[in-house]
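Asks: Sequence:
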Amino acid sequence: MMKARPTSVALWFIFTVVLAVAALGAQQSTSSDDDKGKALVESKCTLCHGLDEVRVANLDKAGWKELVESMRTKGADLKDEEVTVIVNYLAKTYSQQTGTDTKKLVEASCGSCHGIDIVESAQKSKEEWTGVVREMISYGADIKESQVPDVADYL
1 MMKARPTSVA
11 LWFIFTVVLA
21 VAALGAQQST
31 SSDDDKGKAL
41 VESKCTLCHG
51 LDEVRVANLD
61 KAGWKELVES
71 MRTKGADLKD
81 EEVTVIVNYL
91 AKTYSQQTGT
101 DTKKLVEASC
111 GSCHGIDIVE
121 SAQKSKEEWT
131 GVVREMISYG
141 ADIKESQVPD
151 VADYL
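Going by the numbering used here, 85 is the number at position 85 of the sequence shown; the sequence numbering is gapless.
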């Protein structure tokens with residue numbers, strides 16, 4: 001009986017290590033896909049238009065797929081694999097859910113120091129909001145630099 005116990009511990013340890021390695025690989029794959037998607041959007045999509053059009057489109061995954069396919073019919077040089085990576089990236093980064101998330105972010109980050117009604121009633125351009133949001137980050141607002149364009153669009 002004593003010999004079975006060390007074997008069980010060894011098997012459990014190996015199983016745990018295998019799971020950890022698999023989880024790390026999946027995380028790196030997702031990050032790698034996001035990086036590829038971002039790079040493709042920046043290199044392929046911005047040949048014809050800026051990222052502002054991408055940020056405000058606010059589509060779900062099916063909508064992004066349809067839009068990207070329509071760009072192919074207009075001359076975008078995209079392989080099938082690139083379309084998949086781009087659509088997945090756009091759906092994850094700029095989906096309809098993003099607007100809801102941005103509203104929650106604004107309410108939590110801005111509303112914690114100011115009344116949210118004061119923030120939402122201020123009449124500023126996107127460029128002005130971008131500057132204000134960056135200034136608020138320097139004061140401790142819990143907003144990442146990558147979220148600034150979405151917050152400025154929302155406000």
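These aren't lab readings, by the way, just hints derived from the structure by calculation.
A quick note: this is a predicted structure, and the numbers were derived from the prediction, not measured.
Note that CB positions come from ideal geometry on N, CA and C, so glycine has one too.
Wrong hints could be hidden among the right ones.
As the list claims (entries may be wrong) - Label-pair distances were calculated between CB atoms; the ranges are:
1. S138 with K61: 18 to 26 Å
2. H49 with G131: 21 to 29 Å
3. K103 with T46: 34 to 42 Å
4. K36 with N58: 18 to 26 Å
Asks: All hints, please: hold or fail.
Replies: Hint-by-hint comparison with the structure:
no.: 1; hint: S138 with K61: 18 to 26 Å; result: 36 Å, violated
no.: 2; hint: H49 with G131: 21 to 29 Å; result: 24 Å, holds
no.: 3; hint: K103 with T46: 34 to 42 Å; result: 27 Å, violated
no.: 4; hint: K36 with N58: 18 to 26 Å; result: 22 Å, holds
The earlier numbered hints that this structure contradicts are 1 and 3.
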